[in-house]
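S.K.: One-letter residues, chain by chain:
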Amino acid sequence: MILVLQLAVAGLATGSVYALIAIGVVLIYKCSGVVNFAQGAYAMVGAYVSYVLLSAGLPPILGVIFSMAVLAALGTLTERLVLRPMLKAQLVAVMMVTLGLLIVSRAACLIIWGPDQIAFPKVFPEGSISAAGIFITYNYIAAGILALVLSLGFLAFYQFTPIGLQQRCAADNTRAALAIGIHVSNQVSLAWAMSAALAGLAGTLLATLNGLSLDLAGIGMIAFPVIVVGGLSSLVGALIAGLLLGVLQSFTDGLLTPALEDFLRAHTSIYSVGALQQVVPYALLVAMLLLRPQGLFGRRGTERV
Amino acid sequence: MALTASDVTIHFGGVVAVNGMALDVMPGEIVGLIGPNGAGKTTFINCLSGTYRPNTGTALWQGDELIGLSPSALLRKGVARTFQNVASLHDLTVLDIAKLGAGVRRDRRTGGHLLDFFRSDRALEELLMESILAPLELNDVAHKPIQTLSYGRRKAVDLARALAGDPQLLLLDEPVAGLTSHEGMAMAAAVRDVRDRHGCAVIMVEHKMDVVMSTCDRVAVMAAGSKIFEGRPAEVQADPEVRRVYLGEP
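In order, the protein sequences belong to chains A and B. Following this note's numbering, the numbering of the first sequence begins with 1 at its first residue and continues without gaps. Following this note's numbering, the numbering of the second sequence begins with 1 at its first residue and continues without gaps.
Among the hints, a few may not be true.
[Said to hold, decoys possible] Ranges between beta-carbon positions, derived for each pair: (1) 56/A to 143/B: 46 to 54 Å; (2) 185/B to 100/A: 55 to 63 Å; (3) 65/B to 84/A: 39 to 47 Å; (4) 84/A to 240/B: 33 to 41 Å; (5) 143/B to 152/A: 17 to 25 Å.
[As the list claims (entries may be wrong)] Below, a list of computed lysine to aspartate or glutamate pairs in the DMTMM-like style, where the Cα atoms sit at most 25 Å apart: (6) 30/A to 91/B; (7) 77/B to 91/B; (8) 208/B to 241/B; (9) 144/B to 172/A; (10) 77/B to 140/B; (11) 208/B to 193/B.
Calculated from the structure, these hints are not laboratory results. Backbone N, C-alpha and C define an ideal beta-carbon position, used for all residues, glycine too.
Based on the provided sequences and hints, a complete structural model is requested.
M.R.: See below:
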């Protein structure tokens with residue numbers, strides 16, 4: 001029982017980081033119709049930028065905020081320099097370009113920082129709490145809470161502020177938004193900026209949990225099962241599905257894998273099932289596409305990727 | 001002079017949709033724009049409102065050139081328009097749309113977006129409910145998604161959206177087309193009421209002659225892209241040429 005609780009808490013922590021990344025993907029999709037494969041690149045670059053700033057001796061809060069600002073600028077630049085010239089191109093072509101961006105930025109980070117994993121500077125205090133038999137590090141708690149608060153804060157921003165309203169209008173019907181005087185291209189730039197900043201923060205948080213390496217770029221891929229489960233056009237769906245997937249992965253790692261391995265060792269010569277938790281999101285993706293392609297919260301008729 | 005449009009010409013390929021059109025509108029005046037289908041009325045409005053860019057022509061509004069400005073820039077200058085067909089926005093409520101109308105205008109006057117973070121929405125919402133939505137009988141549906149409303153009420157929402165921006169020049173494209181006669185009269189009354197309260201200049205493209213006659217101070221008649229007549233509503237009805245090309249001579 002205690003193990004279940006502990007796994008759930010750890011799962012929620014990583015899940016809320018997934019949610020941050022997936023929210024960014026959904027935001028860009030809603031506003032510009034593009035499924036952004038470069039989201040993982042923003043997470044990776046965000047982590048490296050944070051690493052540089054923190055290693056330079058900036059206080060953690062400032063370092064993280066600065067790195068989010070840098071990523072926001074990077075997101076805007078991507079939109080202005082890469083996406084805008086492709087405004088009339090087919091969406092599939094634009095998506096392929098975002099995939100290219102992912103590869104290029106990974107290579108750039110490889111040149112600058114090398115292939116080895118780097119120890120990430122301390123952002124949160126060391127230590128852990130153990131209550132009711134649950135044992136969990138401050139790191140996990142802080143990362144989870146920060147990601148969750150930011151996700152919720154962002155959803156509130158999107159729902160309740162005048163800029164959020166303009167964002168929603170631009171996402172709802174671009175041509176109508178243009179006609180009634182909304183500066184849609186600015187709103188799209190803003191969506192890319194916010195999305196990249198959120199992903200950058202998510203990357204930084206993941207680096208505090210698991211260390212800093214190029215593999216962070218792969219986290220962008222987990223966003224796809226998340227948004228398929230949540231529904232491609234639903235920000236709330238992205239949040240909930242992110243948490244769900246985090247918990248599911250954690251349970252798989254802590255409960256299913258050991259049970260399965262025990263069973264297999266007893267009856268067969270198979271010794272290990274490998275990293276089963278990495279398979280779960282994609283298995284869920286396939287199941288979801290078969291059973292309910294629009295996702296838990298999505299609207300019918302949204303695009304499939 | 002509030003609005004002076006002159007020599008506005010636009011062609012699409014070989015088709016000259018608007019040809020040397022000129023129109024003056026004073027503050028507090030409602031000018032009707034009538035004419036047969038394809039006369040270029042809506043195209044002319046589109047030229048003034050930034051949807052199309054005419055090949056030639058000027059439109060001076062309080063000394064500023066309107067032609068070439070984007071819809072968002074025009075709104076900040078106090079030029080708002082409504083649409084013949086109401087754009088569909090799925091998720092937004094009536095009040096949301098009114099807020100958008102107010103928001104796109106507010107941009108410049110208050111120093112931009114950043115301030116909006118800290119401003120309470122409640123005051124704005126109450127103001128919009130009272131001064132914009134109530135006169136258009138939209139109060140009771142303020143929190144409903146626009147998708148659920150009838151066509152007539154959606155047009156009222158579109159007008160509310162334009163009015164929320166506190167315009168000084170209002171371009172209305174067939175505001176009562178497709179409405180029931182009750183809705184149409186309410187809409188026409190709302191337009192007159194807005195003019196009386198805000199003193200804004202109104203250009204109204206409309207086919208329903210009873211509405212045109214009862215609402216407009218002056219009527220311009222277009223045919224084949226040009227203005228063929230301009231005068232008071234009664235004069236328009238009496239003019240033989242207008243009767244021939246538009247109203248229909250028995």
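S.K.: Now, for every hint given, state plainly whether the structure supports it.
M.R.: Structure-based check of each hint:
| no. | hint | result |
| --- | --- | --- |
| 1 | 56/A to 143/B: 46 to 54 Å | 50 Å, holds |
| 2 | 185/B to 100/A: 55 to 63 Å | 59 Å, holds |
| 3 | 65/B to 84/A: 39 to 47 Å | 27 Å, violated |
| 4 | 84/A to 240/B: 33 to 41 Å | 55 Å, violated |
| 5 | 143/B to 152/A: 17 to 25 Å | 23 Å, holds |
| 6 | 30/A to 91/B | 12 Å, holds |
| 7 | 77/B to 91/B | 28 Å, violated |
| 8 | 208/B to 241/B | 19 Å, holds |
| 9 | 144/B to 172/A | 16 Å, holds |
| 10 | 77/B to 140/B | 31 Å, violated |
| 11 | 208/B to 193/B | 19 Å, holds |
Of the numbered hints stated above, those contradicted by the structure are hints 3, 4, 7 and 10, listed in ascending order.
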